[in-house]
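Asker: All chains, please: the whole structure from these sequences, using the hints.
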Amino acid sequence: MAVAGEQVLEEGGADRASSAVLRSQVACAVLGLVIEKPSHGYEIGQRFERRFGGFLSVGRSSIYAALGSLMDAELIEKLSSHSSTGARRGAKAGASYRATACGARAYRAWLAERVRNDPQRVEMLGRMMLAGVHSVEAALDFVARYERECIREAQELSRPALAAGAGRGGVPGIVERLLIEERRRMIDAQLAWITYARAELRAERASSPGTGERR
Amino acid sequence: MSLLEVEHVTKRYRRGRLERVAIRDVSLEITPGELVAVWGARFSGRSTLLRIAAGIESPEEGSVRFEGRDLRRARDSVLGRGIGFCQMCFSAGQGGLVVEQVAAGLLARRCSPKEARRRGQEMLARVGAVDCARLECHELGGAELARVVIASALITAPSLLVIDEPTNGVDVLERDPLLALLRSIASEGTAVLMSTGDAQGLSGVDRAFTLDGGELQDEMRSEHSAVVPLRRAQAGARRR
Numbered sequence: 001m002a003v004a005g006e007q008v009l010e011e012g013g014a015d016r017a018s019s020a021v022l023r024s025q026v027a028c029a030v031l032g033l034v035i036e037k038p039s040h041g042y043e044i045g046q047r048f049e050r051r052f053g054g055f056l057s058v059g060r061s062s063i064y065a066a067l068g069s070l071m072d073a074e075l076i077e078k079l080s081s082h083s084s085t086g087a088r089r090g091a092k093a094g095a096s097y098r099a100t101a102c103g104a105r106a107y108r109a110w111l112a113e114r115v116r117n118d119p120q121r122v123e124m125l126g127r128m129m130l131a132g133v134h135s136v137e138a139a140l141d142f143v144a145r146y147e148r149e150c151i152r153e154a155q156e157l158s159r160p161a162l163a164a165g166a167g168r169g170g171v172p173g174i175v176e177r178l179l180i181e182e183r184r185r186m187i188d189a190q191l192a193w194i195t196y197a198r199a200e201l202r203a204e205r206a207s208s209p210g211t212g213e214r215r
Numbered sequence: 001m002s003l004l005e006v007e008h009v010t011k012r013y014r015r016g017r018l019e020r021v022a023i024r025d026v027s028l029e030i031t032p033g034e035l036v037a038v039w040g041a042r043f044s045g046r047s048t049l050l051r052i053a054a055g056i057e058s059p060e061e062g063s064v065r066f067e068g069r070d071l072r073r074a075r076d077s078v079l080g081r082g083i084g085f086c087q088m089c090f091s092a093g094q095g096g097l098v099v100e101q102v103a104a105g106l107l108a109r110r111c112s113p114k115e116a117r118r119r120g121q122e123m124l125a126r127v128g129a130v131d132c133a134r135l136e137c138h139e140l141g142g143a144e145l146a147r148v149v150i151a152s153a154l155i156t157a158p159s160l161l162v163i164d165e166p167t168n169g170v171d172v173l174e175r176d177p178l179l180a181l182l183r184s185i186a187s188e189g190t191a192v193l194m195s196t197g198d199a200q201g202l203s204g205v206d207r208a209f210t211l212d213g214g215e216l217q218d219e220m221r222s223e224h225s226a227v228v229p230l231r232r233a234q235a236g237a238r239r240r
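Protein chains in written order, with my numbering: chain P, 1 to 215; chain B, 1 to 240.
Incorrect hints may appear among the rest.
Some chain P residues near chain B, calculated using beta-carbon distances under 10 Å [what the hints assert, rightly or not]: (1) ARG23; (2) SER24; (3) ARG148; (4) GLN155; (5) VAL171; (6) ARG177; (7) ASP188; (8) GLU200.
The calculated label-pair distances, taken between Cβ atoms and stated as ranges, are [what the hints assert, rightly or not]: (9) P:ALA197 x B:GLY16: 45 to 55 Å; (10) P:ALA197 x B:SER27: 50 to 60 Å; (11) P:ARG23 x B:GLU29: 51 to 61 Å; (12) B:GLU139 x P:ALA197: 35 to 45 Å; (13) B:SER27 x P:GLU200: 44 to 54 Å; (14) P:PRO172 x B:ASP76: 34 to 44 Å; (15) P:GLU49 x B:VAL172: 24 to 34 Å; (16) P:SER61 x B:VAL21: 30 to 40 Å; (17) B:GLU67 x P:SER19: 40 to 50 Å; (18) B:ARG221 x P:ARG185: 51 to 61 Å; (19) P:TYR42 x B:TYR13: 21 to 31 Å; (20) B:ASN168 x P:SER61: 32 to 42 Å.
Negatives, chain P to chain B, calculated, CB over 10 Å [said to hold, decoys possible]: (21) GLN25; (22) ALA65; (23) ILE151; (24) ARG202.
Quick caveat, the hints were computed from the structure, so don't treat them as lab data.
Positions of the beta carbon are idealized from the N, C-alpha and C atoms, including for glycine.
Answerer: Okay, structure coming up:
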């Protein structure tokens, strides 16, 4: 599902550099904050502490390192010094960063894959979505990616490697079958949520024209 | 070459002045020997899409081609021959033994009753329902009924089997073996197009389409098409 105005990444996140960067949860959180609002590094550090302090405990140097990695992967870019966007009065001097279209898209792809299986998924889902998914179109794109992750997992639950154990006899075989079935039913619940979320988002789009993505 | 080509198909239903778009601008292709699932919630348009793909209904916009022929024109020569559509029930008027029901498709093609019955028996064995041959249709359980309707559709050797929600009404422990049967049918060369509303129905499919609000959302291709059933069919499971 392409979002207007965004560069389309190849299927599976073909950009290897961004995939490598997004293996870091800190980098992902920083990217979400930059998507939410273009900011200077110092301000991002402050917002990081407020938003993710309970989940991720890192120093400022890690924030700047994440900003560097995100820049190298072209997921964020520096704003020109003449731009007023994101430059807040009182913020410490230094470069101001904003997300690229590629960065916004990569973030949602990572988010969709991540929230599906994370033990703290509900909290993560809420905080990350509030940070980096703030338009109906972006949310619909996230939902589509989430659905893709769920369908892919449902398909792979029948893979021979997974099913071989479940094909065994006795209690071990039954236990493995039950665990696979538990995953299936979780996926069913997730797919039902996706159907509901889509209906809600479409209703919101219909009632509030002009809630599309800004960039 | 594609076996079935659905191109930019739209279907609307009207009731009085109300109009509902069941599917909108849907396109998909199926090649021989593929097992393809359309996943969608209720009212997503999945059943409508399957009926149109099978030639049961005609689209208002777009086209459906089977083996290169427009289904709108070739429907009578294709339905029941090239395309086997599985109705997941027998009508009240369809009495008689299961083997006679399965053989009915051949009798309509001037096959001798004896030969039709023999081949019906063979087909029931193929789908794992040979124990049901001498039963009345109303005696069938959910999984048995699914296997029998599959046999009825396969008896004329179609190259595409279309089946709407094959696991609907089937006991949870019988679903995997039924899905494994569909996988084996596809692997032997008869393409299968099915719909499903749950994750289990996606097991072992080559491709999955997601449908929401009548619109195709995505297509997922599996790298692992060979399904190993999580729960194997029990030999002689029917106890009477």
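Asker: Look at each hint and say if it fits the structure.
Answerer: Now for the hints, and whether the structure bears them out:
1. ARG23: 22 Å, violated
2. SER24: 27 Å, violated
3. ARG148: At about 6 Å, which falls below the 10 Å cut-off, the nearest Cβ of chain B leaves the hint on ARG148 (chain P) intact, so it holds.
4. GLN155: 5 Å, holds
5. VAL171: 15 Å, violated
6. ARG177: 5 Å, holds
7. ASP188: This interface hint holds because 5 Å falls under the 10 Å limit.
8. GLU200: With a minimum Cβ separation of about 13 Å from chain B (threshold 10 Å), the hint on GLU200 (chain P) is violated.
9. P:ALA197 x B:GLY16: 45 to 55 Å: 32 Å, violated
10. P:ALA197 x B:SER27: 50 to 60 Å: Roughly 25 Å apart at Cβ, these two residues miss the hinted range, so it is violated.
11. P:ARG23 x B:GLU29: 51 to 61 Å: Cβ of ARG23 (chain P) to Cβ of GLU29 (chain B): about 36 Å, so the range 51 to 61 Å is violated.
12. B:GLU139 x P:ALA197: 35 to 45 Å: 43 Å, holds
13. B:SER27 x P:GLU200: 44 to 54 Å: For SER27 (chain B) and GLU200 (chain P) the Cβ distance comes to about 27 Å; the hint is violated.
14. P:PRO172 x B:ASP76: 34 to 44 Å: 54 Å, violated
15. P:GLU49 x B:VAL172: 24 to 34 Å: At roughly 48 Å between Cβ atoms, VAL172 (chain B) and GLU49 (chain P) fall outside 24 to 34 Å, so the hint is violated.
16. P:SER61 x B:VAL21: 30 to 40 Å: Roughly 55 Å apart at Cβ, these two residues miss the hinted range, so it is violated.
17. B:GLU67 x P:SER19: 40 to 50 Å: 42 Å, holds
18. B:ARG221 x P:ARG185: 51 to 61 Å: 24 Å, violated
19. P:TYR42 x B:TYR13: 21 to 31 Å: Cβ of TYR42 (chain P) to Cβ of TYR13 (chain B): about 59 Å, so the range 21 to 31 Å is violated.
20. B:ASN168 x P:SER61: 32 to 42 Å: Violated: the Cβ-Cβ distance is about 58 Å, outside 32 to 42 Å.
21. GLN25: 26 Å, holds
22. ALA65: 35 Å, holds
23. ILE151: Per Cβ check, ILE151 (chain P) is inside 10 Å of chain B; nearest 5 Å; violated.
24. ARG202: 7 Å, violated
Violated hints for the displayed structure, listed by number in ascending order: 1, 2, 5, 8, 9, 10, 11, 13, 14, 15, 16, 18, 19, 20, 23 and 24.
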